[in-house]
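Q: As you go down the protein sequences, you meet chains A and B in turn. Each residue of the first sequence is one higher than the one before, counting from 72 in the working numbering. Each residue of the second sequence is one higher than the one before, counting from 548 in the working numbering.
Please keep in mind that the hints were generated in silico from the structure rather than gathered at the bench. The reader is advised that the hints may include incorrect statements.
Lysine-lysine pairs mimicking DSSO-like chemistry, simulated, CA-CA at most 30 Å apart [claimed, not checked]: (1) Lys-690(B) - Lys-722(B); (2) Lys-724(B) - Lys-128(A); (3) Lys-220(A) - Lys-198(A); (4) Lys-100(A) - Lys-601(B); (5) Lys-757(B) - Lys-722(B); (6) Lys-724(B) - Lys-690(B); (7) Lys-589(B) - Lys-126(A); (8) Lys-722(B) - Lys-659(B); (9) Lys-870(B) - Lys-589(B); (10) Lys-753(B) - Lys-724(B); (11) Lys-870(B) - Lys-126(A); (12) Lys-104(A) - Lys-690(B); (13) Lys-870(B) - Lys-100(A); (14) Lys-870(B) - Lys-104(A); (15) Lys-601(B) - Lys-722(B); (16) Lys-154(A) - Lys-140(A); (17) Lys-619(B) - Lys-722(B); (18) Lys-757(B) - Lys-808(B); (19) Lys-690(B) - Lys-659(B); (20) Lys-722(B) - Lys-753(B); (21) Lys-589(B) - Lys-601(B); (22) Lys-128(A) - Lys-140(A); (23) Lys-104(A) - Lys-128(A); (24) Lys-601(B) - Lys-104(A); (25) Lys-722(B) - Lys-104(A); (26) Lys-190(A) - Lys-177(A); (27) Lys-104(A) - Lys-753(B); (28) Lys-659(B) - Lys-724(B); (29) Lys-198(A) - Lys-211(A); (30) Lys-619(B) - Lys-100(A); (31) Lys-870(B) - Lys-601(B); (32) Lys-619(B) - Lys-808(B); (33) Lys-168(A) - Lys-191(A); (34) Lys-619(B) - Lys-601(B); (35) Lys-225(A) - Lys-211(A); (36) Lys-601(B) - Lys-655(B); (37) Lys-154(A) - Lys-168(A); (38) Lys-126(A) - Lys-659(B); (39) Lys-722(B) - Lys-100(A).
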Amino acid sequence: MGDLLNDFSPGLFVVQTILLLLLIVLMVKFAWKPIMNSLNEREEGIQGALDAAEKAKREMQNLQASNEKLLQEARLERESMLKEAREMKLKMIEDAKAEAQAEAGKLVANAQVAIENEKKAAIAELKTQVASLSIEIAEKVVREELSNKDKQMKLVESMLGEATLN
Amino acid sequence: MKVAKQTFKFYTLVVMLFASFFAMAGNTTEIGEDKEGQVDTKEKVDAYISHHLKDSHDFSLFSYTNDAGERKHVGFPLPVIIWTSNGLVTFMSSEFHHNDNGEVIVEKDGLKFAKIHSKIYELEAGAEAVSFDEEHHATNAHKVLDFSITKSVVGILLIGLLMFIWFAGLARQYKTKQVPTGFGRVLEPLVLYVRDEIARPNIGEKHYRKFTGYLLTVFFFIWILNLLGLTPFGFYVTGQLAVTACLAIFTLIIYTANGNKDYWMHMLWMPGVPVLIRPVLAIIEIAGAFLIKPFSLLVRLFANITAGHTVVMALIAIMFVMKDSLGVVGATGLSFLLSVLIMLIEFLVAFLQAYIFTMLSALFIGMAVAEHDHDHAHDEHGHEVPDAEDVRGDFI
Numbered sequence: 072m073g074d075l076l077n078d079f080s081p082g083l084f085v086v087q088t089i090l091l092l093l094l095i096v097l098m099v100k101f102a103w104k105p106i107m108n109s110l111n112e113r114e115e116g117i118q119g120a121l122d123a124a125e126k127a128k129r130e131m132q133n134l135q136a137s138n139e140k141l142l143q144e145a146r147l148e149r150e151s152m153l154k155e156a157r158e159m160k161l162k163m164i165e166d167a168k169a170e171a172q173a174e175a176g177k178l179v180a181n182a183q184v185a186i187e188n189e190k191k192a193a194i195a196e197l198k199t200q201v202a203s204l205s206i207e208i209a210e211k212v213v214r215e216e217l218s219n220k221d222k223q224m225k226l227v228e229s230m231l232g233e234a235t236l237n
Numbered sequence: 548m549k550v551a552k553q554t555f556k557f558y559t560l561v562v563m564l565f566a567s568f569f570a571m572a573g574n575t576t577e578i579g580e581d582k583e584g585q586v587d588t589k590e591k592v593d594a595y596i597s598h599h600l601k602d603s604h605d606f607s608l609f610s611y612t613n614d615a616g617e618r619k620h621v622g623f624p625l626p627v628i629i630w631t632s633n634g635l636v637t638f639m640s641s642e643f644h645h646n647d648n649g650e651v652i653v654e655k656d657g658l659k660f661a662k663i664h665s666k667i668y669e670l671e672a673g674a675e676a677v678s679f680d681e682e683h684h685a686t687n688a689h690k691v692l693d694f695s696i697t698k699s700v701v702g703i704l705l706i707g708l709l710m711f712i713w714f715a716g717l718a719r720q721y722k723t724k725q726v727p728t729g730f731g732r733v734l735e736p737l738v739l740y741v742r743d744e745i746a747r748p749n750i751g752e753k754h755y756r757k758f759t760g761y762l763l764t765v766f767f768f769i770w771i772l773n774l775l776g777l778t779p780f781g782f783y784v785t786g787q788l789a790v791t792a793c794l795a796i797f798t799l800i801i802y803t804a805n806g807n808k809d810y811w812m813h814m815l816w817m818p819g820v821p822v823l824i825r826p827v828l829a830i831i832e833i834a835g836a837f838l839i840k841p842f843s844l845l846v847r848l849f850a851n852i853t854a855g856h857t858v859v860m861a862l863i864a865i866m867f868v869m870k871d872s873l874g875v876v877g878a879t880g881l882s883f884l885l886s887v888l889i890m891l892i893e894f895l896v897a898f899l900q901a902y903i904f905t906m907l908s909a910l911f912i913g914m915a916v917a918e919h920d921h922d923h924a925h926d927e928h929g930h931e932v933p934d935a936e937d938v939r940g941d942f943i
């Protein structure tokens with residue numbers, strides 16, 4: 072122990088204290104602080120990147136899910152649109168048919184009316200012709216009848232006979 | 548290119564191991580009591596080891612005896628800065644001519660100085676040479692306050708500079724890129740290790756940021772200096788009591804300055820125990836906080852490193868001491884094998900001691916800043932539910 076105390080050098084102690092203090096101050100200022108800051112920054116950066124990746128993954132999944140949903144919706148919409156179109160087509164055909172029928176009916180009716188009118192006109196004509204023919208015939212007959220005196224007398228007499236005075 | 552680089556690194560490691568072995572072996576012949584300066588007996592080995600475990604005023608690489616029988620030292624002198632009765636005096640350590648037992652007297656500013664066992668003594672006025680009593684204590688000289696740039700100070704400066712270059716470089720790298728390249732890639736996991744395995748679990752998520760800088764500095768300071776101690780340069784910084792004491796006192800100051808109300812409360816007036824026992828506990832707690840904790844820190848590091856250096860040098864000394872009984876080849880082989888194995892263990896110890904010192908510092912700081920919540924941590928039987936903080940407290 073005495074030897075140890077004898078070996079203890081107060082001068083070296085002072086020198087070491089000064090140097091160590093200096094070393095600590097310099098190292099902290101120029102080495103440890105920047106190193107620690109950079110390491111922390113880097114660790115935070117890595118953590119941040121991992122978090123971001125995780126978030127991106129989750130977002131991707133969400134996106135995929137929403138895509139799926141969108142697709143489903145589109146499919147449904149297409150289906151309904153097709154259905155609607157089919158219905159519309161049927162309706163149009165139906166309408167067209169009905170219209171055509173109505174038109175045809177109308178045409179037939181018009182035709183009937185026209186035929187009726189023609190018929191009536193024809194009958195009227197026939198009537199006038201028959202009348203004029205009858206008159207002609209009657210005229211001819213009368214002329215014939217009245218061409219000799221006997222006959223005229225006979226007729227007057229017959230008529231007079233028939234037209235008995237009441 | 549990559550393979551070549553790795554091979555190069557591997558060889559560097561191997562060369563370092565071998566070099567430290569031979570250099571330490573070489574060092575063994577550096578200082579001796581006799582004129583040849585060879586260390587080849589048990590007593591000289593003991594003397595050499597105890598000499599090495601002291602701080603040194605010059606930086607010697609190796610020494611040899613030349614053809615003329617003169618002892619030559621290769622290395623470079625370091626400046627001596629001492630506070631004497633005449634104020635500050637400086638000169639180069641080469642003026643002592645590697646003498647370490649007070650024979651060479653250096654005269655500066657009208658004062659005479661001698662170096663005895665790596666300590667510089669100022670001779671009293673009128674004295675021409677150092678005289679010793681029976682216990683080999685100088686009688687007419689006294690020690691001076693020695694601020695010299697000793698070998699340890701060189702080591703501290705070197706490692707401080709190295710740490711600054713490395714880690715400030717690493718800090719600069721982060722300005723331009725997220726992941727460091729080159730040597731920074733080696734340093735980054737070490738920094739993260741200290742932060743995540745030492746600071747964060749021991750101090751707690753809330754406060755650890757404030758103390759990470761100190762813990763990192765201390766961890767790398769001790770570890771690199773321990774490793775440097777294993778190189779052939781023979782730095783022995785973390786085995787200097789002054790250095791470990793300084794480190795321990797820094798930790799003491801930090802946890803004392805940052806202690807919260809709970810910490811002081813538990814130290815001075817322990818809640819939950821009979822009032823009569825409280826003063827006794829307070830004495831124990833105060834002794835624990837101000838003496839035992841820092842003392843354990845400083846002694847643990849000092850003792851481990853001293854033991855390691857002693858064992859390595861003792862094993863190397865086998866080469867000389869057992870030359871007669873085992874023969875040159877046998878003694879060298881045994882010494883080589885054992886010291887390489889112990890060197891490998893010392894590599895582990897170098898890290899371990901840095902880790903333990905930092906870990907315990909973190910723990911002590913953690914205990915000082917821990918927030919206790921005794922009020923709502925009870926289960927239905929009224930017993931306290933142990934939380935992490937308490938378990939940590941009990942563990943110490």
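Q: None of the hints should be skipped; say for each whether it holds.
A: Hints, one by one, checked against the model:
1. Proximity of Lys-690(B) to Lys-722(B) is assessed by CA-CA distance (about 51 Å); at most 30 Å being required, the pair is judged violated.
2. Of the supplied pair hints, the one linking Lys-724(B) and Lys-128(A) holds, its CA atoms being roughly 28 Å apart against a limit of 30 Å.
3. At roughly 34 Å between alpha-carbon atoms, Lys-220(A) and Lys-198(A) are farther apart than 30 Å, so this suggested pair is violated.
4. Proximity of Lys-100(A) to Lys-601(B) is assessed by CA-CA distance (about 34 Å); at most 30 Å being required, the pair is judged violated.
5. Restraint check for Lys-757(B) and Lys-722(B): the C-alpha separation of about 22 Å stays at or below 30 Å, so the hint holds.
6. This hinted pair does not check out: Lys-724(B) and Lys-690(B) have alpha carbons roughly 54 Å apart, beyond 30 Å.
7. Simply put, Lys-589(B) and Lys-126(A) have alpha-carbon atoms about 75 Å apart, too far for the 30 Å limit, and the pair is violated.
8. Restraint check for Lys-722(B) and Lys-659(B): not satisfied, since their Cα atoms lie roughly 55 Å apart, outside the 30 Å limit.
9. Pair hint Lys-870(B) plus Lys-589(B) holds up; C-alpha atoms about 12 Å apart against a cutoff of 30 Å.
10. Of the supplied pair hints, the one linking Lys-753(B) and Lys-724(B) holds, its CA atoms being roughly 28 Å apart against a limit of 30 Å.
11. Note on Lys-870(B) and Lys-126(A): the hinted pairing is violated, with a Cα-Cα distance of about 75 Å set against a maximum of 30 Å.
12. For the hint pairing Lys-104(A) with Lys-690(B), the CA-to-CA distance comes to about 42 Å; that exceeds 30 Å, so the pair is violated.
13. The hinted pair formed by Lys-870(B) and Lys-100(A) fails the criterion: a straight-line CA distance of about 55 Å is larger than 30 Å.
14. Proposed proximity of Lys-870(B) and Lys-104(A) is contradicted: the alpha carbons are some 55 Å apart, above 30 Å.
15. Taken as a hint, the Lys-601(B) and Lys-722(B) pair is broken in the structure, with Cα atoms around 43 Å apart against an allowance of 30 Å.
16. Distance check on the hinted pair: Lys-154(A) and Lys-140(A) sit about 21 Å apart at the alpha-carbon level, within 30 Å; holds.
17. For a cut-off of 30 Å, the pair hint linking Lys-619(B) to Lys-722(B) is broken: about 51 Å separates their Cα positions.
18. Between the alpha carbons of Lys-757(B) and Lys-808(B) the distance comes to roughly 18 Å, so the proposed pair stays at or under 30 Å and holds.
19. Taking the CA atoms of Lys-690(B) and Lys-659(B), the gap is about 12 Å. The hint holds against a cut of 30 Å.
20. This hinted pair checks out: Lys-722(B) and Lys-753(B) have alpha carbons roughly 27 Å apart, not beyond 30 Å.
21. Between Lys-589(B) and Lys-601(B), the direct Cα distance comes to roughly 19 Å. Compliance with the 30 Å bound is thereby established for this hinted pair.
22. Proposed proximity of Lys-128(A) and Lys-140(A) is supported: the alpha carbons are some 18 Å apart, at most 30 Å.
23. Pair hint Lys-104(A) plus Lys-128(A) does not hold up; C-alpha atoms about 35 Å apart against a cutoff of 30 Å.
24. Distance check on the hinted pair: Lys-601(B) and Lys-104(A) sit about 36 Å apart at the alpha-carbon level, beyond 30 Å; violated.
25. A C-alpha spacing of about 13 Å is found between Lys-722(B) and Lys-104(A), which places the hinted pair at or below 30 Å, so the restraint holds.
26. Note on Lys-190(A) and Lys-177(A): the hinted pairing holds, with a Cα-Cα distance of about 19 Å set against a maximum of 30 Å.
27. Note on Lys-104(A) and Lys-753(B): the hinted pairing holds, with a Cα-Cα distance of about 17 Å set against a maximum of 30 Å.
28. For the hint linking Lys-659(B) to Lys-724(B), the alpha-carbon distance of about 59 Å lies beyond 30 Å, and the restraint is violated.
29. Under the criterion of a C-alpha separation no larger than 30 Å, the hint pairing Lys-198(A) with Lys-211(A) is consistent with the structure, at around 19 Å.
30. In summary, the hint linking Lys-619(B) to Lys-100(A) is not supported, as the alpha carbons are separated by about 45 Å, beyond the 30 Å threshold.
31. Restraint check for Lys-870(B) and Lys-601(B): satisfied, since their Cα atoms lie roughly 27 Å apart, inside the 30 Å limit.
32. Between Lys-619(B) and Lys-808(B) the CA atoms are separated by roughly 62 Å; this puts the pair beyond 30 Å, and the hint is violated.
33. Taken as a hint, the Lys-168(A) and Lys-191(A) pair is broken in the structure, with Cα atoms around 34 Å apart against an allowance of 30 Å.
34. The suggested pairing of Lys-619(B) with Lys-601(B) holds, with an alpha-carbon distance near 21 Å, which does not exceed 30 Å.
35. About 18 Å separates the Cα atoms of Lys-225(A) and Lys-211(A), which keeps this hinted pair within 30 Å; it holds.
36. Distance restraint check for Lys-601(B) and Lys-655(B): the Cα-Cα separation of roughly 24 Å lies within the 30 Å cut-off, and the hinted pair is therefore satisfied.
37. For the hint linking Lys-154(A) to Lys-168(A), the alpha-carbon distance of about 21 Å falls within 30 Å, and the restraint holds.
38. Of the pairs offered as hints, the one joining Lys-126(A) and Lys-659(B) is violated, with about 80 Å between alpha carbons and a cut-off of 30 Å exceeded.
39. A C-alpha spacing of about 15 Å is found between Lys-722(B) and Lys-100(A), which places the hinted pair at or below 30 Å, so the restraint holds.
The structure is inconsistent with the numbered hints 1, 3, 4, 6, 7, 8, 11, 12, 13, 14, 15, 17, 23, 24, 28, 30, 32, 33, 38, although it conforms to all the rest.
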